[in-house]
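Each chain, letter by letter, is given below.
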Amino acid sequence: MSARIYPWLFVAFLASVPLWIGNQYFLYILTSAGIFIIAAISLNLLLGFTGQLSLGHVAFFGIGAYVAALSTLGFDLEFGSARFVFPRQPVWVGFFAAILVAGGFGLLIGKLAFRVRGAYFVIVTISFAQVMRMIALNWVDLTEGPMALNNIPPLSLWIPGEGVVGFFKKEYNYYLVLVLAVLSYLLVQRIVRSRVGRAMIALRENEPLALSVGVDVTRYLVVATVVSAGMAGMAGALYTHYIRIVDPDVFLFIYTVTMVIMVVTGGKGTLAGPVVGGFIFGALPELLREVASPEVQWILYGIAMIAIVFFLPQGIVPALAARFAARRGPGAKPEPEARAP
Amino acid sequence: MDQFLQHIVNGTILGGTYALLGIGLTLIFGIMRVVNFTHGELYAFGAYMAYLLVQVLQVNFFLSLVLAAALGVALGALIEFVLLRRLRGADIDTVMLVMIGAGIALQNFWQLAFSGVAKSINHPFPNLPLVFGPVSVAPIRIFVIIVAIALLIGFYLLINRTRIGVAMRASFQDPDVAALMGVNIPLMRTLTFGLGSGLAAIAGALLGPIFVVTPTMGDLVALKAFAIVILGGLGNIVGATIGGFVLGIVEEFGAGYISSGYRDAMGFLLIIVVLAFKPQGLFAAKERIG
Numbered sequence: 001m002s003a004r005i006y007p008w009l010f011v012a013f014l015a016s017v018p019l020w021i022g023n024q025y026f027l028y029i030l031t032s033a034g035i036f037i038i039a040a041i042s043l044n045l046l047l048g049f050t051g052q053l054s055l056g057h058v059a060f061f062g063i064g065a066y067v068a069a070l071s072t073l074g075f076d077l078e079f080g081s082a083r084f085v086f087p088r089q090p091v092w093v094g095f096f097a098a099i100l101v102a103g104g105f106g107l108l109i110g111k112l113a114f115r116v117r118g119a120y121f122v123i124v125t126i127s128f129a130q131v132m133r134m135i136a137l138n139w140v141d142l143t144e145g146p147m148a149l150n151n152i153p154p155l156s157l158w159i160p161g162e163g164v165v166g167f168f169k170k171e172y173n174y175y176l177v178l179v180l181a182v183l184s185y186l187l188v189q190r191i192v193r194s195r196v197g198r199a200m201i202a203l204r205e206n207e208p209l210a211l212s213v214g215v216d217v218t219r220y221l222v223v224a225t226v227v228s229a230g231m232a233g234m235a236g237a238l239y240t241h242y243i244r245i246v247d248p249d250v251f252l253f254i255y256t257v258t259m260v261i262m263v264v265t266g267g268k269g270t271l272a273g274p275v276v277g278g279f280i281f282g283a284l285p286e287l288l289r290e291v292a293s294p295e296v297q298w299i300l301y302g303i304a305m306i307a308i309v310f311f312l313p314q315g316i317v318p319a320l321a322a323r324f325a326a327r328r329g330p331g332a333k334p335e336p337e338a339r340a341p
Numbered sequence: 001m002d003q004f005l006q007h008i009v010n011g012t013i014l015g016g017t018y019a020l021l022g023i024g025l026t027l028i029f030g031i032m033r034v035v036n037f038t039h040g041e042l043y044a045f046g047a048y049m050a051y052l053l054v055q056v057l058q059v060n061f062f063l064s065l066v067l068a069a070a071l072g073v074a075l076g077a078l079i080e081f082v083l084l085r086r087l088r089g090a091d092i093d094t095v096m097l098v099m100i101g102a103g104i105a106l107q108n109f110w111q112l113a114f115s116g117v118a119k120s121i122n123h124p125f126p127n128l129p130l131v132f133g134p135v136s137v138a139p140i141r142i143f144v145i146i147v148a149i150a151l152l153i154g155f156y157l158l159i160n161r162t163r164i165g166v167a168m169r170a171s172f173q174d175p176d177v178a179a180l181m182g183v184n185i186p187l188m189r190t191l192t193f194g195l196g197s198g199l200a201a202i203a204g205a206l207l208g209p210i211f212v213v214t215p216t217m218g219d220l221v222a223l224k225a226f227a228i229v230i231l232g233g234l235g236n237i238v239g240a241t242i243g244g245f246v247l248g249i250v251e252e253f254g255a256g257y258i259s260s261g262y263r264d265a266m267g268f269l270l271i272i273v274v275l276a277f278k279p280q281g282l283f284a285a286k287e288r289i290g
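Read top to bottom, the protein sequences are chains E and H.
Mapping of the first sequence onto my numbering: position 218 corresponds to residue 218, and the numbering continues sequentially without gaps.
Mapping of the second sequence onto my numbering: position 63 corresponds to residue 63, and the numbering continues sequentially without gaps.
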């Protein structure tokens with residue numbers, strides 16, 4: 001029972017950060033790390049709990065980013081003589097549209113991609129992200145292509161006593177990301193500990209067996225993909241409104257890789273894994289920026305990824321959990337989710 | 001009609017190098033069950049080695065191509081020896097993660113070593129295109145397609161007609177029996193990865209003089225190689241060869257008749273369409289090698 005309090009103590013600690021941290025730059029680092037942590041949490045639902053290596057995850061993130069940006073900026077398109085005008089929408093309409101559209105793409109890709117497994121699945125997901133990048137680059141009328149969408153308004157909220165406040169300040173964005181990250185964590189926790197989650201884990205561990213006892217494998221995989229895609233889309237929308245510019249580079253493979261590294265390092269298939277990995281790899285690039293060029297950083301990332309697979313194949317969280325369990329004695333059981341495939 | 005012929009010719013030439021990349025990748029997957037995420041980096045490596053040899057060390061152009069391929073084989077064998085040998089029996093996702101890590105490290109190493117500035121390679125062919133009726137082709141491109149087809153045929157013969165080829169196929173079909181028959185399985189795996197990598201490197205060295213050499217040049221190309229391999233069915237060398245030419249021609253037509261911006265998207269759309277209707281690839285009756 002007492003172990004349950006630690007995550008909340010950690011959240012309380014994070015909530016206190018803006019009160020005492022002097023340097024706004026650190027708040028910026030934490031906020032962007034938090035956005036990536038949400039994306040990593042969503043990826044973990046697929047990669048960790050269903051065991052499907054989705055390497056196109058950044059597509060959902062990017063779709064969310066573009067949908068949020070386009071619906072708050074508005075756009076108009078011409079098809080021959082017909083003209084379609086989409087007026088500016090309030091930021092939160094765009095925010096929820098981002099989640100819905102990304103989730104919709106998750107449904108589509110889930111239905112299509114789960115006809116195949118293993119290497120084929122991986123390649124389909126990568127291709128999907130590439131197609132999205134090509135569209136973002138080339139459909140200039142809609143996306144402005146490489147010129148990027150600028151001047152995206154920040155999110156805003158009605159706060160008692162202050163009225164409607166645009167989230168220009170770093171603290172507001174920090175708290176917003178913190179709240180949404182906690183909600184994402186709780187949602188995944190809830191799914192994983194439900195019937196659906198047990199079915200997912202069953203099919204990760206032994207798909208033929210799960211099928212034979214009547215688990216509708218494809219349905220659960222599609223459900224996982226939709227939730228995961230919607231959550232990644234939300235992270236994308238947060239990113240858009242925080243950075244306030246979005247260009248086709250949000251679809252780069254390297255961002256998928258970043259999410260995968262976060263999940264694998266922290267421990268895939270554990271609830272805390274993406275959070276731990278996300279803090280490490282969200283903060284590391286900023287801290288290394290002073291001492292190492294980006295190329296050197298990426299070389300180190302690549303080597304770190306290899307080293308983790310070789311020396312800590314289950315990730316940091318399961319390794320720590322096993323160590324604590326060993327200290328507590330042979331009777332102590334590790335967390336049920338802590339089994340990585 | 002004239003344009004049509006020109007597109008066919010351009011697509012075939014492009015397809016030849018795609019096929020080289022595709023068969024390397026499909027061979028590695030077929031025999032080793034490794035989705036090779038370093039393939040694009042070996043392609044870039046081949047191009048950089050050609051650049052280094054031709055532009056910096058002033059070595060003969062044709063000799064440089066051979067040396068670039070040989071260095072590609074060596075680097076591939078090294079990767080297999082250092083990383084993959086320890087991962088035998090590991091599940092396919094684990095191996096993929098390691099290869100992604102290796103790919104990122106290599107790509108950024110090229111960036112560090114050669115800077116991000118695009119490099120060009122001089123070639124000894126005249127720049128004036130040869131004109132055959134309605135079609136015009138640069139001599140270097142004719143050279144590239146001849147070399148590519150020669151390599152494809154040579155490789156096909158190696159796999160199907162030689163003892164090494166038999167040993168390779170045997171170690172894919174039944175490693176235990178192959179080992180019992182005296183096939184050195186670890187050596188076959190090193191050789192397979194080396195040869196596949198060598199093909200990627202020579203493809204890079206051949207295309208380097210036509211386009212320019214950049215550290216990220218392998219990114220898109222590697223993804224296209226995946227598309228080719230899917231088209232042909234994983235592990236199917238003939239399928240990958242045909243897949244390479246199909247992709248080259250489809251891209252050329254897509255660029256010519258739809259929009260040049262979407263040229264690179266064609267391959268991925270092709271993958272998605274193929275997998276939606278024929279998940280095991282166009283040419284695969286079942287998974288096989290050869």
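Just so you know, these hints were derived from the structure itself, not from any lab.
The beta-carbon is built from N, C-alpha and C at its ideal position, and this holds for glycine as well.
A couple of the hints might just be wrong.
Take a look, some chain H residues computed to stay more than 12 Å from chain E by CB distance [to be verified]:
1. I100
2. G116
3. P124
4. V183
5. V212
6. A222
7. Y257
Cβ pair distances, simulated, as ranges [claimed, not checked]:
8. S120(H) x E171(E): 17 to 27 Å
9. S115(H) x Y28(E): 24 to 34 Å
10. D249(E) x P124(H): 53 to 63 Å
11. S120(H) x A326(E): 51 to 61 Å
12. V93(E) x S259(H): 27 to 37 Å
13. I280(E) x A74(H): 26 to 36 Å
14. V213(E) x D176(H): 48 to 58 Å
15. M181(H) x A319(E): 40 to 50 Å
16. V93(E) x P186(H): 55 to 65 Å
17. L77(E) x F277(H): 22 to 32 Å
18. R88(H) x W139(E): 21 to 31 Å
19. Q173(H) x Y25(E): 51 to 61 Å
20. N151(E) x F277(H): 38 to 48 Å
Next item on the list: Please write out, lowest number first, the hints stated earlier that are contradicted by the structure.
Entry: Hint check: 1, 2, 6, 8, 10, 14, 18 fail, others pass.
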